[in-house]
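Chains Z and D supply the protein sequences, listed in that same order. Residue numbers for the first sequence follow my numbering, beginning at 1 and rising by one. Residue numbers for the second sequence follow my numbering, beginning at 1 and rising by one.
Keep in mind that the hints were calculated from the coordinates and are not lab data. Accuracy of the hints is not assured; some may be wrong.
Stated by the list, open to error - Derived pair list, reagent style EDC-like, types lysine to aspartate or glutamate, alpha-carbon separation capped at 20 Å: (1) D:LYS257 - D:ASP152; (2) D:LYS133 - D:ASP122; (3) D:LYS118 - Z:ASP97; (4) D:LYS257 - D:ASP272; (5) Z:LYS147 - Z:ASP41; (6) D:LYS79 - Z:ASP54; (7) D:LYS79 - D:GLU48; (8) D:LYS118 - D:GLU108; (9) D:LYS79 - Z:GLU61.
Said to hold, decoys possible - Partial pick of chain D residues on the chain Z-facing surface, computed with a CB cut under 10 Å: (10) LEU46; (11) LEU115; (12) GLU117.
Every residue, glycine too, gets a C-beta built ideally from N, C-alpha and C.
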Amino acid sequence: MSEKTGNGKGFVYTIDATLGLFLMVLMLATVVFLSIQAEDDPIARVQVVRQGKDALAVMDETGVLATFDSQEISGALNSTLPRSIGAHLQVSTYYYDNGQFNLIAIQDFGEMVPGNTTTYGARRDFLSSRNRQVTNYSVVRMTLWQK
Amino acid sequence: MAEVNNRMPDSGAFGLLHVSGGKQGVLFTVSVLLLSISLLSFAIYLSEQTAASRHTAVSLLEIDRTMDTYADIENELVKILMNSLNVTVENSTVFLNASLPMRPGAEEDFERFRLFEKNYSDLGVEMNLTSLKAGSLLIQPGEIAILNSQSDLNITPKDSLESAGGVVSYDFSLTFQPMGADSASWVALSDSSASQVQVHIRVQDASYSFIYDTVQSVDKYNYSLLKITQGGAEVGFVEFYPPSSARIHYGSNIGLKASIGLSNPVYVEANDTISVRSAANKTGRVRIA
Numbered sequence: 001m002s003e004k005t006g007n008g009k010g011f012v013y014t015i016d017a018t019l020g021l022f023l024m025v026l027m028l029a030t031v032v033f034l035s036i037q038a039e040d041d042p043i044a045r046v047q048v049v050r051q052g053k054d055a056l057a058v059m060d061e062t063g064v065l066a067t068f069d070s071q072e073i074s075g076a077l078n079s080t081l082p083r084s085i086g087a088h089l090q091v092s093t094y095y096y097d098n099g100q101f102n103l104i105a106i107q108d109f110g111e112m113v114p115g116n117t118t119t120y121g122a123r124r125d126f127l128s129s130r131n132r133q134v135t136n137y138s139v140v141r142m143t144l145w146q147k
Numbered sequence: 001m002a003e004v005n006n007r008m009p010d011s012g013a014f015g016l017l018h019v020s021g022g023k024q025g026v027l028f029t030v031s032v033l034l035l036s037i038s039l040l041s042f043a044i045y046l047s048e049q050t051a052a053s054r055h056t057a058v059s060l061l062e063i064d065r066t067m068d069t070y071a072d073i074e075n076e077l078v079k080i081l082m083n084s085l086n087v088t089v090e091n092s093t094v095f096l097n098a099s100l101p102m103r104p105g106a107e108e109d110f111e112r113f114r115l116f117e118k119n120y121s122d123l124g125v126e127m128n129l130t131s132l133k134a135g136s137l138l139i140q141p142g143e144i145a146i147l148n149s150q151s152d153l154n155i156t157p158k159d160s161l162e163s164a165g166g167v168v169s170y171d172f173s174l175t176f177q178p179m180g181a182d183s184a185s186w187v188a189l190s191d192s193s194a195s196q197v198q199v200h201i202r203v204q205d206a207s208y209s210f211i212y213d214t215v216q217s218v219d220k221y222n223y224s225l226l227k228i229t230q231g232g233a234e235v236g237f238v239e240f241y242p243p244s245s246a247r248i249h250y251g252s253n254i255g256l257k258a259s260i261g262l263s264n265p266v267y268v269e270a271n272d273t274i275s276v277r278s279a280a281n282k283t284g285r286v287r288i289a
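Chain Z with its partners taken away, still in its complex shape (with noise of 0.2 Å):
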């Protein structure tokens, strides 16, 4: 690259072309960093997770998560959350007896979570009544992403 001969031009080619390669390299930076700050709005992240919140908040006041019933859980899912949003439920239920509480049912519901995306969590904890006395305490997961 460099011209040891006669008024140094070589010399000053190289050292022109390596600035102008890193004033390349700062504005591709520049551009791709700028780039992924629009797309991960950290805002949209929130609400995201409040739209889950509220989801469960609905399917737990029409009494729709006691039912652990998998076509109504997912019909609730559907008309609840955006369509955008893809969701996936994870349900422990535990039973008290003996003075502890016994996982009885670990149930999934929803969509598989795909493999390559960012997840977000919500988490209820519900009870479920027979004969207006509480038999079983339970804890739900969900894990929301954006399709």
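We have chain Z; now place chain D onto it with these hints.
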């Protein structure tokens, strides 16, 4: 981009360097450098903004998580209570619907839920449910206490204008078991004062073989008593005593529908607290209706 100079090397492929006396190359180099500095500064500024925004989002999510956990726990506690005592509020009237005495399992349900949250919650949850376990509530503002025991339901306002002064009416409907009551009458009645509460009491047995219905004004600051009997023996009574208080006493299981009319809009809470602790903390009384 390049500027040709006969004595010195030209400005190179990008025209960024220029060692000659020519000004164009220098200006170009300086402007490109300035552009790159501006670009870098802008990127740094934006990065800081994004970091701040992310920090805000994380804080918001943490607050949301705490508030949601609190609301969720409060909601489930209300559900447990509603299994025994249904409480609703419409503007300035509180409605109660219950089978008395309260279901014996209610206390256990509250305690188990407290243990469940303590053991399985992702956040630090603490609950003091002494009042809810006893089915005791507060009508706010004014702290009018609704107290439940095994044979009484007491509605006790404080002796203040806001509390006792705000009670406008009582409406009680007591349903005894079939053939559980056959007579009701006022044994003491004070209705002479200007400070009065409008009282509507309906007493019946579940088979409707006996129905007693009375509408009466009673003195807020004096004593009145409606006695309920079966075959001459007392099976219950409704008592009004100062200040604006009411007591429903029952010897055996009864169904009670009650409404308490007040002069201003009210809400009902339990004199119990829930604390949810994470990066954001929330502590408050359990809001019922």
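Now the hints, each set against the structure:
1. At roughly 14 Å between alpha-carbon atoms, LYS257 of chain D and ASP152 of chain D fall within 20 Å of each other, so this suggested pair holds.
2. Only pairs whose Cα atoms come within 20 Å are accepted, and LYS133 of chain D paired with ASP122 of chain D is rejected, the gap being roughly 25 Å.
3. Taking the CA atoms of LYS118 of chain D and ASP97 of chain Z, the gap is near 17 Å; set against the 20 Å cutoff, the hint holds.
4. Under the criterion of a C-alpha separation no larger than 20 Å, the hint pairing LYS257 of chain D with ASP272 of chain D is inconsistent with the structure, at around 24 Å.
5. Between LYS147 of chain Z and ASP41 of chain Z the alpha-carbon distance is near 16 Å, which keeps this suggested pair within the 20 Å criterion.
6. About 18 Å separates the Cα atoms of LYS79 of chain D and ASP54 of chain Z, which keeps this hinted pair within 20 Å; it holds.
7. Under the criterion of a C-alpha separation no larger than 20 Å, the hint pairing LYS79 of chain D with GLU48 of chain D is inconsistent with the structure, at around 46 Å.
8. Taking the CA atoms of LYS118 of chain D and GLU108 of chain D, the gap is about 15 Å. The hint holds against a cut of 20 Å.
9. With a C-alpha separation of about 10 Å, the suggested pairing of LYS79 of chain D with GLU61 of chain Z holds against the 20 Å cut-off.
10. Hint status for LEU46 of chain D: holds, given a least beta-carbon distance of 6 Å to chain Z, under 10 Å.
11. About 8 Å separates the beta-carbon of LEU115 of chain D from the nearest beta-carbon of chain Z, less than 10 Å, and the hint is met.
12. Restraint check, GLU117 of chain D versus chain Z: the minimum CB separation of about 7 Å is within 10 Å; hint holds.
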